[in-house]
Each structure stands twice: as structure tokens, then as C-alpha cells.
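There are 2 protein chains.
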Amino acid sequence: VDPAKGARIGGMIAMGCSGTNAYRYGTIKAHVLSLTLVLADGTVVKTRNRPRKSSAGYDLTNLIVGSEGTLALVTEAILKITPLPKNPQVGLAVFASMDDGVAVAIAIMKSGMQLEALELVDGDCMQCINHSKLASDVFEERPTLFLKFAGSAQGVKEQVSFVQGLCEERGVTSCEFTGDKHRMDAIWDARKCLGNALATMKKHDSDLVITTDAAVPVSKLARLVEGSREIVKEQAGEQGWWSGSVGHVGDGNVHTAIVCPQSAKAEVEQLLAKIQRLALELEGTITGEHGIGLKLRDLLNEEVGTEGVDAMRKIKFALDPKGILNPDKVVRLEAGV
Amino acid sequence: VDPAKGARIGGMIAMGCSGTNAYRYGTIKAHVLSLTLVLADGTVVKTRNRPRKSSAGYDLTNLIVGSEGTLALVTEAILKITPLPKNPQVGLAVFASMDDGVAVAIAIMKSGMQLEALELVDGDCMQCINHSKLASDVFEERPTLFLKFAGSAQGVKEQVSFVQGLCEERGVTSCEFTGDKHRMDAIWDARKCLGNALATMKKHDSDLVITTDAAVPVSKLARLVEGSREIVKEQAGEQGWWSGSVGHVGDGNVHTAIVCPQSAKAEVEQLLAKIQRLALELEGTITGEHGIGLKLRDLLNEEVGTEGVDAMRKIKFALDPKGILNPDKVVRLEAGV
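So the sequence lines, in the order shown, correspond to chains A and B.
Going from the first sequence to the working numbering is simple: count from 1 and add 812.
Going from the second sequence to the working numbering is simple: count from 1 and add 812.
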């Protein structure tokens, strides 16, 4: 699934995690075949056996994945593995604007061509990567598409040539495709270090890094990227806060990050709530892969309605009648509080 | 998803359906983005918006898909669509034994090469297709792999050549790959007519067609195919019942069918239960895509344990406390009955 560095299997299952491989291989949900659970009353349940597919009763596995520890303890997981991709290549395409990067990403998806990964990093985040010195090379500080290809030898060549054509149509300012192991690692490590690089934008140790996790249908991706930027840039710019965004664009999932003083926490959270509401307007979600926890419970009501949250609460109490498992996370134990 | 002819969206969602496209594109679960539900108390719930991925609360969507109408009425579904495959080709490979067909299917999967479809039909079912006259052509009555390819032009050529090589290694007796629309349709229609063709093997109108739906991990597929054949052939052969099997081998899912007089119903169901238990021994499921209904409730206890069924029952009563929605299907309303 390839989430940010430091993720562990247990947490990935608890949060319904994803990452740069999810666009091609699905989120952790697509990889969990079966779970062993301890329910609140101590009962041990194995959710299913390990065939690729099953219609045997209710889907307990997918109910538990992403339930953030509120429905059961997971003590064992059977994961599906995938053969290693053949003939890998990595691409790096730099654009004058985020719009161009989004347009290329959407054209790739509409073509039906299945790449291995499709990530879009804005100029601010590229600058952050350079500033952090966590990457092994220095990159242009402009909107950049990171791409991965794999498949049969000729198939990969055709994919690369097709994508290169799309990039050129959108006036790509520089473009590189490589199958060299060393260079592929250098490019991909730059994308992967971003999670840790954000912290290096703090002016003071006590500064906060606050991030959104909105995801929208791919047809609305351009509006999410543009809208998030408008919402953040105005206020963050005035206040001198650093901000940037990075998208798992193949999944319509965009993280906008702000680095700000602790005193600005409430203000920044309000700002980010505007982005989450924009995602809802665009028929999207407030959280593509990070989960609800405590902070997003009110917005969850806006996303699935109080009726949806009530249904979730009924399931919570069915499996955990005393509310002892990670209580009050995801859904509040009491309705209307 | 491409299930047997006659399936409708509502039924496909209720049963967690799949078909010949599931190996490449996933079961109906991978295609349902969101559902509108009417719960037992009349509450209307929309399970989620329509981004590709979400971590927003419990996964109500996947809980309802495959719940066979027992948890909620589905009144609306938002489905994900997929660009049409490019450069399609269809392959037909005839083998001396089912073992050879299974070996080729497994070698394809282990290679990581992603075909569009991978179906294995035994000699008896090929004979049934010819006998039914439902196909537009006549085919060899031996174990046959039906394959579909798509992708970039050169990529498809490489796939076909790779698969042809694997088939030859296993001594394929005849082998055809075609991109001709007319011939592709003729071959694929032969596979698709099988569901209806089975009924033409009845000797009397009152005869029954009874089918299993076992699915196992792909590594155990050969043992399921071989074991099912042993279980059925001995007894069916003695009794003069027709039997045959067809596998969505890319998903490890095999249907074994028997056509028998009504008087033999109980006996045949016992026979098929042996195959279902074999699937459980092989860490598989009693039902890959047809669901539990009334008949498989006892075996569901063997698959997920009474603890698993109890957990499902708790969820049933959480959402339908009076047990009014398709009562006693999937799980009995009363435990231990």
C-alpha cells in the first residue's frame, strides 16, 4: 500500500490506510483477506478464510478495517501479496501550474491505461523537500508529477511514450523517464520523504504541522486542488504560515498542510474545515485515508448524515455494548452530544 | 463484473456477486461506491459519497453488499465505471487434462501478468455447450482455458506470446488467439452460454441442476478441482447423472454442477456438501459468489464458527431489531436452532 514511513500493519488496518500504491493495487482493504478479532466480551472470531473472494455472510473483515479500534481488537491478519512489478520505470514531469499536472493525471485515468503510481506535488512541497535535505538530490520547485510504470517490456515503453505525449500537450517544462535503479530510487525517495520533510518547515520547535485528507471523485479533482489553494493561500500568506499540498491524484486524494505557531491551532483547524466542507460539496470525503478519530466526528455527521452516524452507533453497541473499546472515537457513544 | 446472464444490479449487490471480469476488476464490491438504504425502521441512510476511497467511519457499504436483503433495502447505488479495454484479444487453449489448465492459470497469476479474464471449463461442460446448441460454433470437448487480454498494442502481443509459451510447456493440444471481433464474440459466447446450457442436460423436465460455488486460495486450486471431480465422478457416474465443472480460476472459484432426478435431491446435496467441506479444509469458502440464503446456513457455522455467526446476528439485530427484513436468511434469527 506504501503509506508514509513508520506505518505498521496494525495501524494500517485500524485506519483503512492507503498510500502511493493504492491507485494501482487498492487500499489496505484490498489486501486484507481475513482478520482474527477479540470482541469486547472476549469472544475470538476469525472473519473468514483466505480465498480471494467470498459471499459467505456479512463482511466482518471490511467492517473492522478502518474502524479505528472501536469494534474489536485485531490480533491476526492474513494479507494478500502481489508479484513484484516487472520492468519498472519512474517518471518525473514538471509543470508551470498544478492545473497542468491535474489535467495530465485525469487524461491518464480516462485513457484506461493503468500506471503503478500517480502522485502530484505542488511547488511549495517541492521546495520543502529540497529544504529538508532528506532527499538524495535537488529538484525543481514547481508542480511535479511523480509516476511509476511497470508491465511487459514493450508495454512499459508504450505507456511511457503515451504519458510523455500527454505531458508535452500540457506544456511540460521538464520531463524525465528512467529505468535506472539508482535514479528511480532517488526520485521516489524525494516523494516519500515529504511526510518527514514537512516538520523541517517549522520556525519553532513548538510549531504545528496540520494536514487535511480530503478525497473527491477524480472528475472533481481540479476543483479540490484549486479550491484548497485559494482557501489556504489567502489566510496562510497573510499570516506568514508555510503551506503546501500533495495529492494521491490517482485516487482523488489531496493533503493540504499548514505549518503554524501553536497559538494559531484553532484558526488553522477552521481553515482546514473549509477544505473538508469543499470536499463534501464536491461529493467527496473529509478523510480519504487518515480516519475520523476525535476531531472529525462533527464533520462525519455532515458527510453521512446523523442517520448514517446513528447506524454506525448501533453497530458499535451491537459489538461493544459497554463501549469499552476506544470509546467515543469515530462515533460518540451518546447521540446528539 | 459479468455474472451469468439475467443478473440485475440489485441482485448483484444483494449477493456480493462476481463473474468472469472479477479476476481483473474485482467483484461487485469493488464497483459499488455508495448505497442509499432504507433501514428496517424506515430511516434513509446514504452510506458514503463517491470518492474512490474513504476512511470516514464504518464501512456500511461493504456491510450491505452481500447481505442478501437482511440488513436494509437498497434503493439506490452509485457504481464505479471503468474505461473500455483497449486492443482486446481472446484466447482458447485446449488441454489433455484439467491439471494442465490449472497449471497454466497458476503460472499466469504467479507471473504477475494481469489478464482480463481467465476461465477453465472441463470436457463435460464443453460437451454440454455443444449439446445445447446455444453457442454459435462447435468446440472440442476437452478441458479448455478461455482467456481475455487487453492493454497497449505491443503489451497485448507480449502477453499473448507469454501465455502461448506457457500453454505449449504444458502440452496444449490446440491453441487459438484472436483479435477478430466476430471470432472473439463466438468464443466468449460459448463460455457465457454455459449457465443456460446446463439445463439442456436434463433427461426429464423435472430434473434438477444443482451447483456448488466453492472458492479457495489459488495455491490450493488444483486440489479443489481434482478433489471435486473425485467426489462427484464416482457417485454421479454410478447413478448416470451428468456432471461437470467450470472455474473462475483467476479467483480460485469453481462451480461443480450435477443434473439429477428430483428424487436424488437430498443425496446430491450431501455430495455437494462434501465439496464445500473440502473447500473449507483448503482454507476456502463454501460460497465465492452465490451467497448463503437458507441452504448454506449450517455450513456457514463451519466456515466462520458459531462465534462468527453470532457476531453477524448481533449486527442483524442492531439494524433490524424486529427481524423483518428477509428473516432467517444468511443467519437464523435464533441462535442454536
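By construction, these hints were calculated from the structure, which means they are not laboratory data.
Being a predicted model, the structure only gives us computed values, none of them experimental.
Just to be clear, a hint being listed does not mean it is correct.
The list makes no distinction among identical chains, and a pair is therefore deemed to hold if it is satisfied within one copy or across any two copies.
Said to hold, decoys possible - Only pairs whose alpha carbons sit at most 25 Å apart, straight line, appear in this in silico DSS-like list of lysine-lysine:
#  : residue 1 : residue 2
1  : Lys1077   : Lys892
2  : Lys1045   : Lys1134
3  : Lys1086   : Lys858
4  : Lys1015   : Lys1032
5  : Lys1126   : Lys1141
6  : Lys1086   : Lys922
7  : Lys892    : Lys1032
8  : Lys1077   : Lys922
9  : Lys892    : Lys817
10 : Lys1032   : Lys1126
11 : Lys1014   : Lys1077
12 : Lys993    : Lys1086
Verification of the hints:
Proximity of Lys1077 to Lys892 under the C-alpha cut-off of 25 Å is found in neither arrangement, the shortest distances being 40 Å within a copy and 38 Å between copies. In this assembly of identical chains, Lys1045 and Lys1134 lie within 25 Å of each other by CA distance neither inside one copy nor across copies; the values are 45 Å within and 53 Å between. Proximity of Lys1086 and Lys858 under a CA criterion of 25 Å is satisfied inter-copy only: 22 Å between copies versus 41 Å inside one chain copy. In this assembly of identical chains, Lys1015 and Lys1032 lie within 25 Å of each other by CA distance neither inside one copy nor across copies; the values are 34 Å within and 57 Å between.
When the C-alpha separation of Lys1126 and Lys1141 is checked against a cutoff of 25 Å, the pair qualifies both within a copy, at 14 Å, and between copies, at 21 Å. With identical chains, the CA atoms of Lys1086 and Lys922 are never at most 25 Å apart, being 29 Å at best within one copy and 46 Å at best between copies. For the identical chains of this complex, Lys892 and Lys1032 are inter-copy neighbours only, at 15 Å across copies versus 31 Å inside a copy, given an alpha-carbon limit of 25 Å. Taking identical chains as interchangeable, the C-alpha atoms of Lys1077 and Lys922 are never at most 25 Å apart, the minima being 39 Å within one chain and 50 Å between chains.
Taking identical chains as interchangeable, the C-alpha atoms of Lys892 and Lys817 lie at most 25 Å apart only when both belong to the same chain, with a minimum of 21 Å there against 30 Å between chains. Proximity of Lys1032 to Lys1126 under the C-alpha cut-off of 25 Å is found in neither arrangement, the shortest distances being 33 Å within a copy and 39 Å between copies. In this assembly of identical chains, Lys1014 and Lys1077 lie within 25 Å of each other by CA distance solely inside one copy; the values are 14 Å within and 73 Å between copies. For the identical chains of this complex, Lys993 and Lys1086 are neighbours neither inside a copy (42 Å) nor across copies (51 Å), given an alpha-carbon limit of 25 Å.
When each numbered hint is compared with the structure, violations occur for hints 1, 2, 4, 6, 8, 10, 12.
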